[in-house]
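Asker: The primary structure of each chain is shown beneath.
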Amino acid sequence: MFSFTKEQKIYDISGVSIGGQPGMYPTVLFGGLFFKGEPDFEDAKRHVQTIYERSKQTGVPVIPDFFIRKVEYIQPILSFIEKVVPKKHPFSIDIIEPSIKIQTLEQLASRKLLPRTIYNSIHIGMTKEENEALRTYTPEAAIIVAFNPKDKSPDGKIEVLENGAHLLETGLLELAHQIGIEKTLIDTAALAPGENSGAAIAALPVIKEEYGLPTGCAIHNVVEKSRWLNDFPFAKKTVDVASNNAIPLFGGDYAIFGPMENAELVVPLIAWQDILVSEYTENYFGISPVASHPRRKLLK
Amino acid sequence: MTDDYYPWGGEFTACAPHGCVAVVLLNIQYTPPENVAIYGSLKTENIGIEKIIANTISNPWIRFLVICGDDIRGHYSGSSLIALYKNGIDHNHRIIHAPGAIPYIENLKENAIKRFQAQMTVIDFIGEKEKEKIDEIITDCIRKSPPSFGEPYIAIRLKPQATINLTDNRALHSRILIDYLGKIKKRGA
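Keeping their order, the protein sequence lines are chains X and Y. Each residue of the first sequence is one higher than the one before, starting from 1 at the first, in this note's numbering. Each residue of the second sequence is one higher than the one before, starting from 301 at the first, in this note's numbering.
Here chain Y stands alone, though its shape is the one from the complex:
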């Protein structure tokens, strides 16, 4: 399993393909042991969380998600991820009781979130920055040696429906037209 296995990309390092732990780093310079499956930093409470969910559920061997370091000011991305794990999202796709500024999950189907909730045990280590303590909790998780969750779940990135049918290839965008000099006008106006 390589980085390519994790389909949504992002700022992470892939380690042991059959490791059962993923580590989310918040404002912390820490390198987990090599027997974790994957680790990486989390910055935003929307796109960042979406990537973590999509990437971790694509590897059924990952059963624990350890979140450590100091939460991101304003974004509260770590706490928002925990809120998602506990509460899911509402009808507006907002993470229920998330403290972050813009905690919306817009690019994943609800099934992907349910799968994440079922597959993972999330370990809330927010505020913890001591290497020894984080190493210890990771070792505890690995010692449990849980089985694989089964088949990988490959989350499809939801895309807005394309409505553009351009015949004028000078246009930058479906809403505007540009003449050969650079004069822009609204299409249809």
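Bound conformation, chain X alone:
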């Protein structure tokens, strides 16, 4: 449990606060939908309702993350967001294909959803067309993935943020700034076991101290890629959920925890961890938790 000397930025993204010194604001959780197959909107609606209920009970803020795999899913998923995500609440869109990213940005603009959008994500593979689209249709915030194929250590992650690691003309932070995105969340790029998977966690305090920006990652991806865990099916789920604990413990601000159906387990787990962090950081560093913090909400 840490405190940083660098001033920590706190962003308000459509009503959700993220960042700051550990223990002040609760860890923000991104729960994903529509990773596989045809989108099942009935099932998704149930998961969205559950995650908001658990958030309300615990004080842990949640943001739905929408994975859009195909062009034909853009319209129905955006309509789902308009109908099911509470008005003014933020959400993120998680898209790999640049052409789908661009079309989704256009649609988000025409539906006036950009002020609630977290763009997931900007990385070294950004195309010229995507860059131009982002300048025209600028989302409220963006996740910047600090993946450096050359160097997977915390230094490599900083290099890609700072100067593009010679793969880009400019660093990813400057790139986001040039586009006009002011609220940037750093993702420390969790990689498979054997690819310095621990660096994603070690980089959290390093990047927080270096830039003071909200920082997190999708550490559960490491669990998904730990094939040996397939021999322990009962433990695998527990490990997947528990992996998220490492993020607040190492000073991180948010966790992208994978399928939203795991919210029942992940939200209370993170509330517990946030309480633990807050008790220490208030005692030693004088960091008071905000009124909505799980420690205030759950410990009477």
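Just so you know, the hints here were simulated from the structure itself, not pulled from any lab data. Hints may contain errors.
Looking from chain Y toward chain X, a few residues come up when the C-beta cut is under 8 Å (computed) [unchecked claim]:
| no. | residue |
| --- | --- |
| 1 | G309 |
| 2 | E311 |
| 3 | Y404 |
| 4 | I476 |
| 5 | L481 |
| 6 | G482 |
| 7 | K483 |
Computed spacing ranges between beta-carbons, pair by pair [as the list claims (entries may be wrong)]:
| no. | chain 1 | residue 1 | chain 2 | residue 2 | range |
| --- | --- | --- | --- | --- | --- |
| 8 | Y | E410 | X | R227 | 28 to 38 Å |
| 9 | X | D43 | Y | E410 | 46 to 56 Å |
| 10 | Y | E410 | X | E38 | 40 to 50 Å |
| 11 | Y | P447 | X | G198 | 36 to 46 Å |
| 12 | X | T5 | Y | Q329 | 48 to 58 Å |
| 13 | X | S288 | Y | Y330 | 36 to 46 Å |
Pairs of lysine-lysine, DSS-like flavour, derived with a Cα cap of 30 Å [stated by the list, open to error]:
| no. | chain 1 | residue 1 | chain 2 | residue 2 |
| --- | --- | --- | --- | --- |
| 14 | Y | K409 | X | K128 |
| 15 | X | K236 | Y | K343 |
| 16 | Y | K429 | Y | K444 |
| 17 | X | K9 | Y | K486 |
| 18 | X | K70 | Y | K386 |
| 19 | Y | K343 | X | K150 |
| 20 | X | K9 | Y | K485 |
| 21 | Y | K483 | X | K297 |
| 22 | X | K9 | X | K150 |
| 23 | X | K236 | X | K183 |
| 24 | X | K128 | Y | K343 |
| 25 | Y | K429 | X | K225 |
| 26 | X | K237 | X | K297 |
| 27 | X | K112 | X | K36 |
| 28 | X | K9 | X | K36 |
| 29 | X | K183 | Y | K485 |
Just so you know, even glycine gets a beta-carbon here, dropped at the ideal spot from N, CA and C.
Following the hints, put chain Y in place on chain X, whose structure we already have.
Answerer: Same frame as chain X, now just chain Y:
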């Protein structure tokens, strides 16, 4: 020859040590015949491709690389692997004309890529998911019974130069210092 022979690890199954075919699976549930040398799935257009190159050139008996199944959306890992085979990498280590999002080869020397290009014949079966057709092309390759390419090429994983010399063992990282309470500050600040 066991799994250990393939030095870079990954999601693969090693079969016949002197088999001449390696099979790359893209989004496909398919088990090749047991007389192939190795088969496994490919997901990413950078680290995944690096592993395939390093592992296949370590076995000189492998002379054919069959890539089958549907390419990975966004990553286009299969097409990027074919682009690497055809075009190599540019001065920024980017695979020339690769359609993938982040097609960079950063952990292999150029000699390893040249060796891959020389040792392999890559069979582009992207889009093919029919078991019979894939089996057939594998059988065709095996029938050709090409000789071994010679000595194994053991690719050394390039690592960034270590510049860290920590004397403070409480530190998590060379850039930061942590006092006994947990206060973090930038080293040297």
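Asker: Now, for every hint given, state plainly whether the structure supports it.
Answerer: Now for the hints, and whether the structure bears them out:
1. G309: 6 Å, holds
2. E311: 6 Å, holds
3. Y404: 4 Å, holds
4. I476: Result: holds, 5 Å to nearest chain X Cβ.
5. L481: With a minimum Cβ separation of about 5 Å from chain X (threshold 8 Å), the hint on L481 of chain Y holds.
6. G482: With a closest approach of 5 Å, the G482 of chain Y hint holds.
7. K483: OK, holds: K483 of chain Y within 8 Å of chain X, min 5 Å.
8. Y:E410 <-> X:R227: 28 to 38 Å: 31 Å, holds
9. X:D43 <-> Y:E410: 46 to 56 Å: 49 Å, holds
10. Y:E410 <-> X:E38: 40 to 50 Å: 44 Å, holds
11. Y:P447 <-> X:G198: 36 to 46 Å: With Cβ atoms ~43 Å apart, the hint holds.
12. X:T5 <-> Y:Q329: 48 to 58 Å: 52 Å, holds
13. X:S288 <-> Y:Y330: 36 to 46 Å: This hint is violated: roughly 58 Å between Cβ atoms.
14. Y:K409 <-> X:K128: 29 Å, holds
15. X:K236 <-> Y:K343: This hinted pair holds, its Cα atoms lying about 21 Å apart.
16. Y:K429 <-> Y:K444: The given pair, whose Cα atoms are some 23 Å apart, holds under the 30 Å limit.
17. X:K9 <-> Y:K486: 17 Å, holds
18. X:K70 <-> Y:K386: Holds. K70 of chain X to K386 of chain Y sits at ~29 Å (cutoff 30 Å).
19. Y:K343 <-> X:K150: 18 Å, holds
20. X:K9 <-> Y:K485: Given that 30 Å is the threshold and the Cα spacing comes to 16 Å, the pair holds.
21. Y:K483 <-> X:K297: 27 Å, holds
22. X:K9 <-> X:K150: With Cα atoms ~29 Å apart, K9 of chain X and K150 of chain X stay inside 30 Å; holds.
23. X:K236 <-> X:K183: 34 Å, violated
24. X:K128 <-> Y:K343: With a Cα-Cα distance of about 24 Å, the restraint between K128 of chain X and K343 of chain Y holds, given a limit of 30 Å.
25. Y:K429 <-> X:K225: Judged against 30 Å, a Cα distance of about 24 Å means the pair holds.
26. X:K237 <-> X:K297: 27 Å, holds
27. X:K112 <-> X:K36: With Cα atoms ~27 Å apart, K112 of chain X and K36 of chain X stay inside 30 Å; holds.
28. X:K9 <-> X:K36: 35 Å, violated
29. X:K183 <-> Y:K485: 24 Å, holds
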